[in-house]
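K.L.:
Turn these sequences into a full structure, and let the hints steer you where they fit.
Numbering follows our numbering, with no gaps: position 21 of the sequence shown is 21.
For the record, the hints were derived by calculation from the structure and aren't laboratory data.
You can take every hint at face value.
In the BS3-like style, the derived pairs of lysine-lysine whose C-alpha atoms are separated by at most 27 Å in a straight line are:
hint: 1; residue 1: Lys35; residue 2: Lys3
hint: 2; residue 1: Lys19; residue 2: Lys53
hint: 3; residue 1: Lys35; residue 2: Lys15
hint: 4; residue 1: Lys53; residue 2: Lys35
Remember, predicted model here, so these are calculated numbers, not experimental data.
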Amino acid sequence: MGKYDWILCPVCGNKTRVKIREDTVLQNFPLFCPKCKQETMINVKQLNISIIKEPDAKTQSR
1 MGKYDWILCP
11 VCGNKTRVKI
21 REDTVLQNFP
31 LFCPKCKQET
41 MINVKQLNIS
51 IIKEPDAKTQ
61 SR
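P.N.:
Next up, the structure:
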């Protein structure tokens, strides 16, 4: 059996409700933390988690 691991929230560090295996591949996955109520976009490959930085929305100028 492969190794399982919980995904930790990149904001507060608590466990989320998502468990991954070592052969799991996720791209542009919206990870939601039930404790801090934050949603973060992540990529996962071979238990390595990388956070996707999204550009902030720009305000419209007239």
